[in-house]
Amino acid sequence: MNTQNMISSVKSTLKSFGLPRIIIGLFLLLLFILAPFVGVNIGTSLSDTLNRFGMNAVMVLAMVPMIHSGCGLNFGLPLGIIAGLLGGTLSMQFNFTGPSSFMMAILFATPFAVILGWGYGQLLNKVKGGEMMIATYVGFSSVAFMCIMWLLLPYSNPTMVWGYSGSGLRTTISTEGYYLHVLNDFFSIRLTEHLTIPTGMFLFFAVLALIIWAFLHTKTGTAMTAVGSNPVFARASGINVDKIRTLSVVMSTWLGAIGILVYQQSFGFIQLYMGPFYMALPAVSAILIGGASVNKATITNVIVGTFLFQGILTMTPSVMNSMIHTDMSEVIRIVVSNGMILYALTRRTEATR
Amino acid sequence: MHGYFLYEGVECLVETVALCNVRVTTKIERIEYMNEKEAPLLEMRHISKDFFGNQVLSDVNFTLKRGEILGLVGENGAGKSTLMKILFGMDEIHQTGGYGGDILLNGEKVAFATSIEALAAGIGMVHQEFSLLPDFSATENILLNREPLKYTVFSELFGERLNILDREKMTEISEKAIKRLAVPLDPEMLVSQMPVGHKQFTEIARELSKEGTGLVEGIKLLVLDEPTAVLSEQEADSLLKAMRLLAETGIAIIFISHRLQEIIDVCDTIMVMRDGKIMKTGPSKGVAIPDIAKWMVGREVNTSAIVHRVFDYENKDIILALRNLWVDMPGEVVRNVNLDVYKGEIIGIGGMAGQGKLGIPNGAMGLFPAGGHVTFEGKDIPLNSPRNFLDAGMAFVSEDRRGVGLLLDETLEWNVSFTAMQIQEKYLKQYLGGFFKWRDQKAIEEETNGYVKQLEIRCTSTKQKAKELSGGNQQKICLAKAFAVAPKLLFVSEPTRGIDIGAKSLVLKALRKYNEEQGTTIVMISSELEELRAICDRIAIVSDGKVLGILPATTDSAEFGLLMVGQKSEMIDGGSV
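Protein chains in written order, with my numbering: chain B, 436 to 788; chain A, 268 to 844.
Note that these hints are calculated values from the structure, not bench results.
Keep in mind that a hint or two might mislead.
Pair ranges (Cβ atoms, derived) [unchecked claim]:
{"#": "1", "chain 1": "A", "residue 1": "708", "chain 2": "B", "residue 2": "761", "range": "48 to 58 Å"}
{"#": "2", "chain 1": "A", "residue 1": "317", "chain 2": "B", "residue 2": "549", "range": "49 to 59 Å"}
{"#": "3", "chain 1": "B", "residue 1": "568", "chain 2": "A", "residue 2": "383", "range": "37 to 47 Å"}
{"#": "4", "chain 1": "B", "residue 1": "761", "chain 2": "A", "residue 2": "358", "range": "18 to 28 Å"}
{"#": "5", "chain 1": "B", "residue 1": "568", "chain 2": "A", "residue 2": "512", "range": "52 to 62 Å"}
{"#": "6", "chain 1": "B", "residue 1": "545", "chain 2": "A", "residue 2": "703", "range": "12 to 22 Å"}
{"#": "7", "chain 1": "B", "residue 1": "568", "chain 2": "A", "residue 2": "696", "range": "34 to 44 Å"}
{"#": "8", "chain 1": "B", "residue 1": "568", "chain 2": "A", "residue 2": "717", "range": "39 to 49 Å"}
{"#": "9", "chain 1": "B", "residue 1": "532", "chain 2": "A", "residue 2": "708", "range": "41 to 51 Å"}
{"#": "10", "chain 1": "B", "residue 1": "440", "chain 2": "A", "residue 2": "317", "range": "21 to 31 Å"}
{"#": "11", "chain 1": "B", "residue 1": "472", "chain 2": "A", "residue 2": "697", "range": "56 to 66 Å"}
Here are the simulated DSS-like cross-link-like pairs (lysine-lysine), alpha carbons at most 27 Å apart as the crow flies [to be verified]:
{"#": "12", "chain 1": "A", "residue 1": "776", "chain 2": "A", "residue 2": "720"}
{"#": "13", "chain 1": "A", "residue 1": "352", "chain 2": "A", "residue 2": "561"}
{"#": "14", "chain 1": "A", "residue 1": "547", "chain 2": "A", "residue 2": "487"}
{"#": "15", "chain 1": "B", "residue 1": "731", "chain 2": "A", "residue 2": "709"}
{"#": "16", "chain 1": "A", "residue 1": "583", "chain 2": "A", "residue 2": "561"}
{"#": "17", "chain 1": "A", "residue 1": "466", "chain 2": "B", "residue 2": "446"}
{"#": "18", "chain 1": "A", "residue 1": "693", "chain 2": "A", "residue 2": "720"}
{"#": "19", "chain 1": "A", "residue 1": "417", "chain 2": "A", "residue 2": "376"}
{"#": "20", "chain 1": "B", "residue 1": "654", "chain 2": "A", "residue 2": "547"}
{"#": "21", "chain 1": "B", "residue 1": "654", "chain 2": "A", "residue 2": "693"}
{"#": "22", "chain 1": "A", "residue 1": "446", "chain 2": "B", "residue 2": "654"}
{"#": "23", "chain 1": "A", "residue 1": "544", "chain 2": "B", "residue 2": "563"}
{"#": "24", "chain 1": "A", "residue 1": "693", "chain 2": "B", "residue 2": "731"}
{"#": "25", "chain 1": "A", "residue 1": "709", "chain 2": "A", "residue 2": "720"}
{"#": "26", "chain 1": "A", "residue 1": "732", "chain 2": "B", "residue 2": "563"}
{"#": "27", "chain 1": "A", "residue 1": "755", "chain 2": "B", "residue 2": "654"}
{"#": "28", "chain 1": "A", "residue 1": "780", "chain 2": "A", "residue 2": "610"}
{"#": "29", "chain 1": "A", "residue 1": "709", "chain 2": "A", "residue 2": "693"}
{"#": "30", "chain 1": "A", "residue 1": "709", "chain 2": "B", "residue 2": "654"}
{"#": "31", "chain 1": "B", "residue 1": "678", "chain 2": "A", "residue 2": "610"}
{"#": "32", "chain 1": "B", "residue 1": "563", "chain 2": "B", "residue 2": "678"}
{"#": "33", "chain 1": "B", "residue 1": "731", "chain 2": "A", "residue 2": "352"}
{"#": "34", "chain 1": "B", "residue 1": "731", "chain 2": "A", "residue 2": "704"}
{"#": "35", "chain 1": "B", "residue 1": "731", "chain 2": "A", "residue 2": "376"}
{"#": "36", "chain 1": "A", "residue 1": "696", "chain 2": "B", "residue 2": "678"}
{"#": "37", "chain 1": "B", "residue 1": "654", "chain 2": "A", "residue 2": "776"}
{"#": "38", "chain 1": "A", "residue 1": "561", "chain 2": "A", "residue 2": "487"}
{"#": "39", "chain 1": "A", "residue 1": "352", "chain 2": "A", "residue 2": "466"}
{"#": "40", "chain 1": "B", "residue 1": "731", "chain 2": "A", "residue 2": "332"}
Positions of the beta carbon are idealized from the N, C-alpha and C atoms, including for glycine.
Just chain B, with the same shape it has in the complex:
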């Protein structure tokens, strides 16, 4: 009887945590255990994992408002990223340097995010039920449109434009001298030679996460969750469903813009043109692996999901490479990341905690 109770309580705990999360978590743990045996430095691996977590977490967080309002997963994340790119390039164009360039990038990105997000929200309100499909194409087409614009917009900062023609932005622009590592180096803790904790980046994410968490506890946030849960109920309670949905899309787009800036300051480069094209899928998979469903997501889902997804993405190539002694890291990275996306999309069991 006692063992039965124990088994059932273990079962319910496992169930509440979600089987996919457990499997992926165990796999990640296995990779960390294997790493020292195949000659991979555990400190470097951990450092990389933490870094990548910080780089991507805000973009994963950008999924939350839209999921709450029932707009589904934000496959239109590239739109927010474009707002962020505009902010970043404008900040550099006006020659802001150091930490102030990052602040200005956020400031410049905000109006773009609000305007683009508002239009995107209006569009999604017209296609209720098919949001995710439309969102995907909004993302793709906006990227294509911006491919033209990056060439035509009158940017002139010599660090950004093509050297030979003097006009049109380069495909990759270094953030060095501007906002490279402004967050990473903020109070960063160097534990060992290989292991550094990017404190500033974590703090920045924590602040944004706290804001979202708090927002979801306010009157409007409650309305947003209700709209996602049952729009007819919300309407019958006097809520303007379209308005709330638009607000959520604007929030998601803005977070996407901030997310890419955080990513760039750590990565060191601004990637234009096709750069934003595939940014949505890893973020979508991360939140799904974190235990979110299409209309329920929590901050915990964001943290757990980003850590698991980025952890595996960092660890698998390095461990596998060392095991088979050939450089296949790129191939393995692609296989693993797409495999994870597939896994996440097919197994979206909602976790209850």
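We have chain B already, so just place chain A on it with the hints.
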């Protein structure tokens, strides 16, 4: 979306249509087939069935002899279709834990695992909805997938899949089946070109033809599920004649219909079901429509605790006035409603399904496009906006609990508090001069717990999700949600639909209590007249989108019945009581 608005379970009123549906049917003298010594063709013994603890059939017993026509009547939800599904061994029954009791066919116990086995045993069924291919002829439809085949050279070479249809034989079989019905049905006519009655005949002919193709040794029992619902009178008459002809050849028929006159005309035996039990089985001779209606509808609503009260209309103000209200609600269109509601009363709105009674609150609230004037406490309420309706101090408990009434995936706390929070800023802590409105978890919890106690809501905790509750408890949550807004006027739509009798009386009592203690005016819309009569002060009957008349609740139910079918008596004075 449409699914929400197709109302089932309100057919007791539809069935009273039969009252006025006087049909000219000549009663054909029938050959008595009933040999008393012969074992009955079908016997169902102590049949019981529950769906996850919800008893839908209990101790159903009946026998059916060869050539007997059994009329099966009852409200929707009375258990007719479940009984037929059990007989047919439908998957749905097996998947929900099977059934209790025995089925005997020709004295032998049978238990069909699939409906194919039931067909093989000689039971045919014609469903209410047609399952015909529109671009195929009657013959092709009748013999679909059972066509007689001819061998050709190719079938020698490539196997049986290259057999060709034996058209001549097909026509022969279908003609034979049609002949048994004695109806003028052209076997070559395409289904898409047929009048609706002929489609029904095609369906029946298909069942009959099964004995001609070797699948079945002979059709013994035919179940016709509301075959006349879509037919015109002449078509229905010829169908009834065909049924008699079939019965004379020894086929037993179970005939389900809401048209009571037909049942009396054509059936040998009438069986009335109500709430999963057989209320009455007896020969149709000498039975009158009102008798059947009474057996069928006379549900015992446990209203013993609710006493009729005398509401004093003297010096009472009109709190709500509806003028020329129209509402475009699919299936419940309101055309022109004028209604005055007095402060403090409970007014009932009744009427048959689809006549527009549900459209009134839905339109007033703004959930469906509406026009006209709604005046509340002397102020005109702009229509088509739920916010204005709620801000004015009205609330609405929707008939569509799961679709409109609840956040199924959220906690009970959220369900109860949400509307009040959004409309009246209750349960909120305000910071920074109201810029930041924080959810007050403690206040929400206290309020919800209060309602859980007050309304006896059965739940494990207030954190439970609304979808995990039973229908009755969900309804109480919906009421709690409305009570939390503390409305001056409460619209309650079908408050007892789909909930068991115990919960029903609790819900009704809660409404009456709320009305008496808080002085809230209640407008209650229900398909169940008895329920309205139990708690309302006066009842308006809606038909064809208009208010036909308003009667005091103490009026005899026959009077209401007449009103529903459009016959006004002198008692009705159109509005004021």
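A quick look at each hint next to the structure:
| no. | hint | verdict |
| --- | --- | --- |
| 1 | A:708 x B:761: 48 to 58 Å | 56 Å, holds |
| 2 | A:317 x B:549: 49 to 59 Å | 56 Å, holds |
| 3 | B:568 x A:383: 37 to 47 Å | 40 Å, holds |
| 4 | B:761 x A:358: 18 to 28 Å | 55 Å, violated |
| 5 | B:568 x A:512: 52 to 62 Å | 56 Å, holds |
| 6 | B:545 x A:703: 12 to 22 Å | 20 Å, holds |
| 7 | B:568 x A:696: 34 to 44 Å | 40 Å, holds |
| 8 | B:568 x A:717: 39 to 49 Å | 45 Å, holds |
| 9 | B:532 x A:708: 41 to 51 Å | 46 Å, holds |
| 10 | B:440 x A:317: 21 to 31 Å | 29 Å, holds |
| 11 | B:472 x A:697: 56 to 66 Å | 58 Å, holds |
| 12 | A:776 x A:720 | 15 Å, holds |
| 13 | A:352 x A:561 | 26 Å, holds |
| 14 | A:547 x A:487 | 25 Å, holds |
| 15 | B:731 x A:709 | 23 Å, holds |
| 16 | A:583 x A:561 | 36 Å, violated |
| 17 | A:466 x B:446 | 55 Å, violated |
| 18 | A:693 x A:720 | 20 Å, holds |
| 19 | A:417 x A:376 | 38 Å, violated |
| 20 | B:654 x A:547 | 56 Å, violated |
| 21 | B:654 x A:693 | 10 Å, holds |
| 22 | A:446 x B:654 | 71 Å, violated |
| 23 | A:544 x B:563 | 45 Å, violated |
| 24 | A:693 x B:731 | 25 Å, holds |
| 25 | A:709 x A:720 | 17 Å, holds |
| 26 | A:732 x B:563 | 25 Å, holds |
| 27 | A:755 x B:654 | 24 Å, holds |
| 28 | A:780 x A:610 | 16 Å, holds |
| 29 | A:709 x A:693 | 12 Å, holds |
| 30 | A:709 x B:654 | 15 Å, holds |
| 31 | B:678 x A:610 | 36 Å, violated |
| 32 | B:563 x B:678 | 13 Å, holds |
| 33 | B:731 x A:352 | 38 Å, violated |
| 34 | B:731 x A:704 | 22 Å, holds |
| 35 | B:731 x A:376 | 51 Å, violated |
| 36 | A:696 x B:678 | 23 Å, holds |
| 37 | B:654 x A:776 | 33 Å, violated |
| 38 | A:561 x A:487 | 32 Å, violated |
| 39 | A:352 x A:466 | 23 Å, holds |
| 40 | B:731 x A:332 | 58 Å, violated |
Taken one by one, the earlier hints fail for this structure at numbers 4, 16, 17, 19, 20, 22, 23, 31, 33, 35, 37, 38 and 40, listed in ascending order.
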